[in-house]
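Colleague: Here is what each chain is made of, one letter per residue.
There are 4 protein chains.
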Amino acid sequence: MSSFGTIFRVTTYGESHCRSVGCIVDGVPPNMSLTEDDIQPQLSRRRPGQSKLTTPRNEKDRVEIQSGTEFGKTLGTPIAMVVRNEDQRPKDYTEMDVFPRPSHADFTYLSKYGVKASSGGGRSSARETIGRVAAGAIAEKFLKQVNDVEIVAFVSGVGECQIDRSVQNPEFMELLSTITREKVDQSGPIRCPILEKADEMTRLVVDCKERNDSVGGIVTCVIRNVPIGLGEPAFDKLEAMLAHAMLSIPATKGFEIGSGFEGTKMRGSEHNDPFVKKGGRLGTATNNSGGIQGGITNGENIYFSVAFKPPATISQEQQTASYEGDDGVLKSRGRHDPNVVPRAIPIVEAMAALVLADSYLIQKSRESTFGSVY
Amino acid sequence: MSSFGTIFRVTTYGESHCRSVGCIVDGVPPNMSLTEDDIQPQLSRRRPGQSKLTTPRNEKDRVEIQSGTEFGKTLGTPIAMVVRNEDQRPKDYTEMDVFPRPSHADFTYLSKYGVKASSGGGRSSARETIGRVAAGAIAEKFLKQVNDVEIVAFVSGVGECQIDRSVQNPEFMELLSTITREKVDQSGPIRCPILEKADEMTRLVVDCKERNDSVGGIVTCVIRNVPIGLGEPAFDKLEAMLAHAMLSIPATKGFEIGSGFEGTKMRGSEHNDPFVKKGGRLGTATNNSGGIQGGITNGENIYFSVAFKPPATISQEQQTASYEGDDGVLKSRGRHDPNVVPRAIPIVEAMAALVLADSYLIQKSRESTFGSVY
Amino acid sequence: MSSFGTIFRVTTYGESHCRSVGCIVDGVPPNMSLTEDDIQPQLSRRRPGQSKLTTPRNEKDRVEIQSGTEFGKTLGTPIAMVVRNEDQRPKDYTEMDVFPRPSHADFTYLSKYGVKASSGGGRSSARETIGRVAAGAIAEKFLKQVNDVEIVAFVSGVGECQIDRSVQNPEFMELLSTITREKVDQSGPIRCPILEKADEMTRLVVDCKERNDSVGGIVTCVIRNVPIGLGEPAFDKLEAMLAHAMLSIPATKGFEIGSGFEGTKMRGSEHNDPFVKKGGRLGTATNNSGGIQGGITNGENIYFSVAFKPPATISQEQQTASYEGDDGVLKSRGRHDPNVVPRAIPIVEAMAALVLADSYLIQKSRESTFGSVY
Amino acid sequence: MSSFGTIFRVTTYGESHCRSVGCIVDGVPPNMSLTEDDIQPQLSRRRPGQSKLTTPRNEKDRVEIQSGTEFGKTLGTPIAMVVRNEDQRPKDYTEMDVFPRPSHADFTYLSKYGVKASSGGGRSSARETIGRVAAGAIAEKFLKQVNDVEIVAFVSGVGECQIDRSVQNPEFMELLSTITREKVDQSGPIRCPILEKADEMTRLVVDCKERNDSVGGIVTCVIRNVPIGLGEPAFDKLEAMLAHAMLSIPATKGFEIGSGFEGTKMRGSEHNDPFVKKGGRLGTATNNSGGIQGGITNGENIYFSVAFKPPATISQEQQTASYEGDDGVLKSRGRHDPNVVPRAIPIVEAMAALVLADSYLIQKSRESTFGSVY
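As they're listed, the protein sequences go chains A, B, C and D.
Numbering follows full-length UniProt numbering, with no gaps: position 351 of the first sequence is 351.
Numbering follows full-length UniProt numbering, with no gaps: position 91 of the second sequence is 91.
Numbering follows full-length UniProt numbering, with no gaps: position 8 of the third sequence is 8.
Numbering follows full-length UniProt numbering, with no gaps: position 69 of the fourth sequence is 69.
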């Protein structure tokens, strides 16, 4: 469905060519300062057609808060947000494609609903994520205020060029502790903070573009200053909610947290995170767990990576079959983004924030009653 | 929380040392034949201490249906199932450990709840998964009846010994099309159907056991005969629900579907799945998508892999800190399972079945109204 | 929260003085013809300031569909609807009232959220019901198509002037079988189809208006052509969902279905509804049950009544206390609606339609699997 | 479905003739003392066949906690509770009735599910409420601890013998402020604390019994020491949740809160509750609102009444039709309870407690973040 979260809950709407896209965010705590200026920056980071990150003004994808705030403060009531679609004209049915685009959602939407939007991706378009990013910006602001939570995502892989994301690589673990959103954006449009990798990734994307092809990539995200005790066993473990959130982003194919898939090769004696005293609290010397044990946050950094497949839209002819099952060639149309991971950064951050804000509120209801030891 | 699913919904209960563990399964369609004999086999595959798979009788972990069936048929009402715990005696508080076990949930449960079960894993114990496996067996039976759905999981990695799970490996793709649960179990206790790998994995586990250590592993699962049209955009894409389900299993660290993390290295031109006519329906020539496009099943096989970390309980001394923050050494106690992936097989299958059964029922409500084109 | 329903689910937003009010309706079946023309009529029936029911054009409260339809057909994706607020200027805090209005939500909102909208009712304003009425119009259209379901509400009481709503009054039971929305509106602005009662009610409202007072009333609603088998035991019995829906409408104080409170005086031998053959199906000779038995619809008419308290806003001075607890007199401001039940009619109809559409879809998912006997 | 609540959530299971009935209660706050002794008293008040209220021991309907507690304290994990059914033998299909019992759920269950339990009420049996009462007892204990909340229900009507429940009756309002559970039980088996009415009600029930007939009744419930700020606008107003809860109890036909249906006859000037200073907080001089304004508790007593129809099972011959539609006479079988409202008392109290506990926890999550003015 189109809702996510239990107490802090977002519901999104919108297709690629309807009047507007947006969302309703229910359960936002009251009395928090909030205006469009808190939301627009992440929307602008998500926006298509960012020629340079230093573009002084973004006129497109302007968010407009409809409800739930007054005099710049949240009221505790639902916050509706609307972003107008520029191209609202659906194509005529007579132009409707005879070919479902390979690895797109054309065929499955038509199969599921018996009808599909005539133009672009319809509901499967990445424009649906605008509502998520807007809602995530509110969640982020809330988390910042209650625990100075920091959420930073960056590109850790494009095609065969990948950062060594091993928990046994001290430079990677150090990066997770120090990376900021500013550093990510300063690294250039590719949003990979390791500059030599950024250059290689950029070349790889340019090469794909020239070949009318596309390439996949990986986004890594770290969350710092995480309150202890978030996440609900058994089914709503925090990593399960994060996995749900991330795999709900279009074009994702994988999620790993902490030591991830590589960690399966480790021995328990090296993988276990010994406890140590850290300031006033109990922490762990290593963090192979990725900040979550038994589905519950332990106060260490949460970090995870998300795999994105190469975009399905490519400017090449593709041998395929029509809806009727007849073989044929789908012609290329225009030029397309050869890689989406840089623009996925604010979406990953938004979904992470939504998971955390909801978990935080649920845990607070529990703590309010009999207290916890922390 | 302890519930999973919208229409077909399981709620589990139980700790490692309470009277019983079990579940309530709500929304099971009526008029389906069902007895304990449909459920016990998967529970027995999950059971600890399986010396041989050919053991003629399992006396332990016997499930007892409490409600929801009569004369061997489901009534459409909630099905409660109970499995008695053998060791129901909690330890006395005076014996309570001074050390939270590294990479266990001792510390996080205590932080979250301000109290924790005195013995074993409490709610974080793998015994919680008994309720899931029992519920999953019902879901599986339902799916088998309505569409002959087949769900088969197997071990694809133990430590550094891993099957080549690449979508570009034709042998792996062939394995996914042909593997049966019988073949998996015939491969021996390690449950890896590629026999030379099974031998190597077994040696690796034995070696870990001798060193009082543990090792992680990977479970791969394939779902065949999947109805087209399952999965709910935007947040409840089928892969998102599967990721949620899998990462809610204890000790999991990663999930990938279709081409997964390796697929990020591919180009769109090789990753896209061209359409072809398959019997009466439109199918795809390749299946890098893993049977899901735009969050919705396309009728091809769904396949995914789940990463399990090395078990945290090891029979070695571990340098760590007490709850009070004092450094110390946690002594080893007894001998423990050095690897859990073979026993995770029925749990992965159960969670997959729960996701599919729920998605199926939701889609059926939609199809019932105006029909779909397929 | 601001969402209602499981499969067919509406989420509303909006305060009295924000930019707009509206909703997102998720789970609307695809391929259904739908435009603003299907929604506007009920919004216009709900609209304040209807001088005559025959007003040729209503310029106010115009709904605009944002998403989820194309070429006048639903896509199966969320339908967002927006109605602009005319007066969007919140009052300045310096004007903020020192008195919470008696029997309004001023005090409780401030207590709950620590903040409240400065003007009018904020979220507790009846403008929130615009989203419900818009969503309900879609549900109604759906129900009409799948089973020719008819939902008609009318005013059955204003102050001490009440229709005899007893199940033992054959004229009332006949009215339930024959009343149409057209007849209700033709009865005049009071919307009571028994004309002598309508006259008395009208005089009573006029009298209240002249005395700067207000008066309560009762709305009765009948649903005909109800599919058999809707409603989910145990907690989501159909009458429980209807009661939930109705008591969520502002200013409601009671709900009764079938024989209701008066029926508690009856004997079982006269209250039981004997079965009789009706056309091709089994029906009941009487309908004291109100069309629901054991929480499940039996195919007979559903009918229920909803009590509305006298509006809290009156043009009289009221002795009360300030937020600070100081005694004082709240002065009257302007003139206000002395009675709201006629305008509540489309809201009651909308909430009834939302309950039924959701129940219908849930039941269809069940029926799709193994069939039901009907 | 069989679940109720968001954070504090109960899921029940069980038919009249299966192995056991019971529930899982999820979200119970940790560290609360809890044993079967906290739960059994309300189950015993609900139990059938209570000859006298002073019966020293009840051997039947013994509850057994399965999980979620240790050493008499809650762990924060799900609490499963089981009550064994004494008669677990379903009747053979060959004995299956040819007649659906009038105003029972036989016909609707069969229509909905295509199958029904062969014996007794199956899932529609009042035995399903055992799980509710057990869960409610936990909710009550929690509410008692956090705010000394008191919930007391009593019989206010049997047939034509009814207490004057008008808000304009000072004796009734006084009764609401002073009634205790002990006084209710001391009033005799009828559980009406106004003794002259109790006598009349008792005679009425005895008379019905002698005539092989049954009679309906009304239960009134008051909740005192209610925290301010509970209830979630718009759809989950506290009165909406209470109405949902109450109408989910078998045999209920109506719900009214505060001034209720009679209040519709009042004028706003007399119905509005003026504010006054009460101790340290703002209260209201009258309480026609029933403790809720705008869907949110204001700290005054909540009180509401629930209508129960006459039990459908009567020891008389009834003219009706068979499942096949043939006219016939349903013979009487045995003797049955002519009135159920005294036994409904603990069920009403349980459902009220479940609504309040859940609302409390949701509001606490909000208050924890930015505070509320109270």
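Simulated from the structure, these hints should not be mistaken for laboratory data.
A hint or two may mislead.
As the list claims (entries may be wrong) - Keeping only pairs whose Cα atoms sit at most 25 Å apart, straight-line, the calculated DSS-like set for lysine-lysine is: (1) D/K277 with C/K331; (2) B/K278 with A/K331; (3) D/K197 with D/K183; (4) A/K331 with B/K331; (5) A/K278 with B/K331; (6) A/K277 with B/K331; (7) D/K144 with C/K331; (8) D/K331 with C/K278; (9) D/K197 with C/K277.
To be verified - Residues from chain C that keep clear of chain B, each with C-beta distances beyond 12 Å, as calculated: (10) T6; (11) D38; (12) G76; (13) D97; (14) S118; (15) Q145; (16) E171; (17) M173; (18) T178; (19) K183; (20) R224; (21) A234; (22) N301; (23) K364; (24) S365; (25) R366.
Quick caveat: nothing in here was measured; it's all calculated off a predicted structure.
Positions of the beta carbon are idealized from the N, C-alpha and C atoms, including for glycine.
Colleague: Work down the list of hints and note, for each, if the structure agrees.
Modeller: Right, here's what the structure says about each hint:
no.	hint	verdict
1	D/K277 with C/K331	holds (19 Å)
2	B/K278 with A/K331	holds (23 Å)
3	D/K197 with D/K183	holds (14 Å)
4	A/K331 with B/K331	violated (67 Å)
5	A/K278 with B/K331	holds (23 Å)
6	A/K277 with B/K331	holds (19 Å)
7	D/K144 with C/K331	violated (40 Å)
8	D/K331 with C/K278	holds (23 Å)
9	D/K197 with C/K277	violated (42 Å)
10	T6	violated (7 Å)
11	D38	holds (16 Å)
12	G76	violated (7 Å)
13	D97	holds (41 Å)
14	S118	holds (34 Å)
15	Q145	violated (8 Å)
16	E171	holds (37 Å)
17	M173	holds (32 Å)
18	T178	holds (29 Å)
19	K183	holds (30 Å)
20	R224	holds (20 Å)
21	A234	violated (9 Å)
22	N301	holds (23 Å)
23	K364	violated (4 Å)
24	S365	violated (4 Å)
25	R366	violated (6 Å)
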